[in-house]
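**Student:** One-letter residues, chain by chain:
There are 2 protein chains.
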Amino acid sequence: MSRATSAVDTGVARIRCVQLAPVVGDLAGNRNLILGAVREAKDARVDVLVLPELAASGYVFSSKREASSVAVTAEHPLFADIADELAFTTAIVVVGFCERGERDVLFNSAAVISAAGVLAVYRKTHLWDREKLFFTPGTEPAPIVDTPHGRMGVLICYDLEFPEMPRSLALDGADFIAVPTNWPLGTTPAGEHPAEIILAMAAARSNGVFIACCDRAGTERDVAWTEGTVIIDQFGWILDRPTGDGSVATADIFPALARDKAISARNDLMADRRPLLYSRLQSSPTES
Amino acid sequence: MSRATSAVDTGVARIRCVQLAPVVGDLAGNRNLILGAVREAKDARVDVLVLPELAASGYVFSSKREASSVAVTAEHPLFADIADELAFTTAIVVVGFCERGERDVLFNSAAVISAAGVLAVYRKTHLWDREKLFFTPGTEPAPIVDTPHGRMGVLICYDLEFPEMPRSLALDGADFIAVPTNWPLGTTPAGEHPAEIILAMAAARSNGVFIACCDRAGTERDVAWTEGTVIIDQFGWILDRPTGDGSVATADIFPALARDKAISARNDLMADRRPLLYSRLQSSPTES
Numbered sequence: 009m010s011r012a013t014s015a016v017d018t019g020v021a022r023i024r025c026v027q028l029a030p031v032v033g034d035l036a037g038n039r040n041l042i043l044g045a046v047r048e049a050k051d052a053r054v055d056v057l058v059l060p061e062l063a064a065s066g067y068v069f070s071s072k073r074e075a076s077s078v079a080v081t082a083e084h085p086l087f088a089d090i091a092d093e094l095a096f097t098t099a100i101v102v103v104g105f106c107e108r109g110e111r112d113v114l115f116n117s118a119a120v121i122s123a124a125g126v127l128a129v130y131r132k133t134h135l136w137d138r139e140k141l142f143f144t145p146g147t148e149p150a151p152i153v154d155t156p157h158g159r160m161g162v163l164i165c166y167d168l169e170f171p172e173m174p175r176s177l178a179l180d181g182a183d184f185i186a187v188p189t190n191w192p193l194g195t196t197p198a199g200e201h202p203a204e205i206i207l208a209m210a211a212a213r214s215n216g217v218f219i220a221c222c223d224r225a226g227t228e229r230d231v232a233w234t235e236g237t238v239i240i241d242q243f244g245w246i247l248d249r250p251t252g253d254g255s256v257a258t259a260d261i262f263p264a265l266a267r268d269k270a271i272s273a274r275n276d277l278m279a280d281r282r283p284l285l286y287s288r289l290q291s292s293p294t295e296s
Numbered sequence: 009m010s011r012a013t014s015a016v017d018t019g020v021a022r023i024r025c026v027q028l029a030p031v032v033g034d035l036a037g038n039r040n041l042i043l044g045a046v047r048e049a050k051d052a053r054v055d056v057l058v059l060p061e062l063a064a065s066g067y068v069f070s071s072k073r074e075a076s077s078v079a080v081t082a083e084h085p086l087f088a089d090i091a092d093e094l095a096f097t098t099a100i101v102v103v104g105f106c107e108r109g110e111r112d113v114l115f116n117s118a119a120v121i122s123a124a125g126v127l128a129v130y131r132k133t134h135l136w137d138r139e140k141l142f143f144t145p146g147t148e149p150a151p152i153v154d155t156p157h158g159r160m161g162v163l164i165c166y167d168l169e170f171p172e173m174p175r176s177l178a179l180d181g182a183d184f185i186a187v188p189t190n191w192p193l194g195t196t197p198a199g200e201h202p203a204e205i206i207l208a209m210a211a212a213r214s215n216g217v218f219i220a221c222c223d224r225a226g227t228e229r230d231v232a233w234t235e236g237t238v239i240i241d242q243f244g245w246i247l248d249r250p251t252g253d254g255s256v257a258t259a260d261i262f263p264a265l266a267r268d269k270a271i272s273a274r275n276d277l278m279a280d281r282r283p284l285l286y287s288r289l290q291s292s293p294t295e296s
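Going down the list, the protein sequences come from chains V and X.
Each residue of the first sequence is one higher than the last, beginning at 9 in my numbering.
Each residue of the second sequence is one higher than the last, beginning at 9 in my numbering.
Hints in this document: simulated from the structure, not taken from any laboratory.
Be a bit skeptical, because a hint or two may be false.
One copy or any two copies: either way a pair holds, since identical chains are not told apart in the list.
[Claimed, not checked] For lysine to aspartate or glutamate, the following EDC-like pairs were computed, each having C-alpha atoms within a straight-line distance of at most 16 Å:
#1 Lys50 to Glu93
#2 Lys50 to Glu200
#3 Lys140 to Asp276
Because the structure is a prediction, the values reported are computed rather than measured.
Construct all of the structure, not just a fragment, from the sequences and the given hints.
**Tutor:** Here's what the structure looks like:
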C-alpha cells in the first residue's frame, strides 16, 4: 500500500523528552526552564524535543483567575525566543501552555515550534478533572505536522487514553506522536508499568507508530506526578525512560519505519481494519 | 448516566479460562478435552468458562481440505453435549470451533453455550496470517450475550488488537469480554508482558470492562504459543494467569462494576468521548 509520505525522506531522528518541574503561575521562571531545556537539546543534536503539558504555566491552578493570569497566545515572546534558539537547525519543539482565546476563553494547548516560528497549536480535546473548571475543550482534530524528521502527530495527556485519537493520527499518516502530559500519580500494582504507560505502549503497537510522552516532575500544591516520561517504538516497546533521579529520555528512531504497517506475510495493521464494522464509534453509549 | 442493564442483576461471577492443548484435526479427542474442562469447571462452580480459539479443531491446518474435515455447524452434537453438561446450572461456555457455512465456506468461530443450547455464534472478523487461506471473515459485529452473569461480549484473538472492537462492545454495554485466542509465540523484551497481554490490559482499562483471554498450550506443527491466558479487571490490572505448568486462570469478578465508567469526580470513560472528532475511524488509511 502506498502511504502518505513526508516532504523530506527522513533518516534517523533524535527524540528527547525532558521531564521539567514547572512552578504554577511562574511564567518567567518556567520560560527559563523551557529555554534551558531547548539549549541543552540543541547541544545534544536533538531533532524533536517534547516538553510537558502546561510547562509554561504550571498545572494545579486554584482558580480560573490564576489560570488566566498565565494565559498567553501563540504570539507571546516565549515562542519567538524558542524559535530564536532553534535558528540554523531543523529541530522541532513541542511544549504545553495555557492559551488565551477570544473573550478570555482558555485552552490547554501545545505549540509546535521550529526556527521559523510556531507551526501549529493543538487545543486538548479531552479534559481531565479540574481542567474542566478552567479550560474549554478544543474542537479541532489533533494535528499532524510534516517536519524534516517525519510526520508528527500531537496529543495532550488524557487524549491518549481514547484509542480513537492515536488511531486517527495513524490513519492520517503520523509516523510518531508527541504527547505532552501531566500524569497525576496513581496506584500501580507491583511489577507493572503505570497504567498511562501501558496505554501508550498499546497505542504505539496497535497503530505501528512511535510515541514520546513527556510527563512532568515535582509536587505542585500536594499533587504528585507519575514521572512516567517514556519513548516507545512502533512495536510498543520502551526505548527509553528517565532512570533514578534523571529527567531525560532520549532515543534515536527511524520515523519512516512507521510507514510499513505489515506485521505478517498477510497482515497489515491498517489494511486489516474493517471500517464498516466500526460504525458504533461514531455514537454515544447506549442509553437504557 | 443510565447504562444498559442486564436482565438479571448480577452479583459475583466466577470466570475461568482453561488453556487447552488441542490436536489439529482430532475432533473426537478435542471434544474430550473440552468436555473434561466443562466438567471440572462445573465442579468448581464456574459461571463463565472460556476455552481457546479453534479448540474443537486445532489451529495449524496444512490445507483448506484439512480444515474442512473438522468443520462443523452449531448443530453438531459437540454443542449439545456441552449444553447437557451444563444442565441445572446457569453456567456459560465460550469455545472456538471451525464452522462450516453454506457452500463449504469456513469461519473461525466461537460458540456461546448454556444449558439451553447455543446462544450465539461469532465469526472472527479480523483474520490472522494463514487463517486467510482457509477462512472467510465474518461480516457481523461482535455479539453481546445477556447472561445471568452479566453482559458478555465475544471477540476472537486478533480482533482484540483493533481498539475499535472492544470499544464497540463497551459502547453497547458489555460488562466483560471473552476472548478465545491462539497467540503464536512472539518476542518479548525481558520484564515485559507479552504484547497481546499489554493490548488486552489497555483495552480493559480504556473501556472499563473485564477481559478474559484464553490462549492455547502445546506445540502444533512447530508453532509454539504464548500461553498468555489472562483475566484482567476493569482497571486493566491482571487478576489471574496460569502459573508454572498450570493451564487454568480463575477470578471472581463483579461484572456490574463495569457499568460505572466514572474515573474521577468529573470524568467518565464513555461520556468524555468526542465522537464528532472520530469520523476518521470510518475510513481507510490515507492514500498518497
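**Student:** Of the hints stated earlier, which fail here?
**Tutor:** Result: hint 2 breaks, nothing else.
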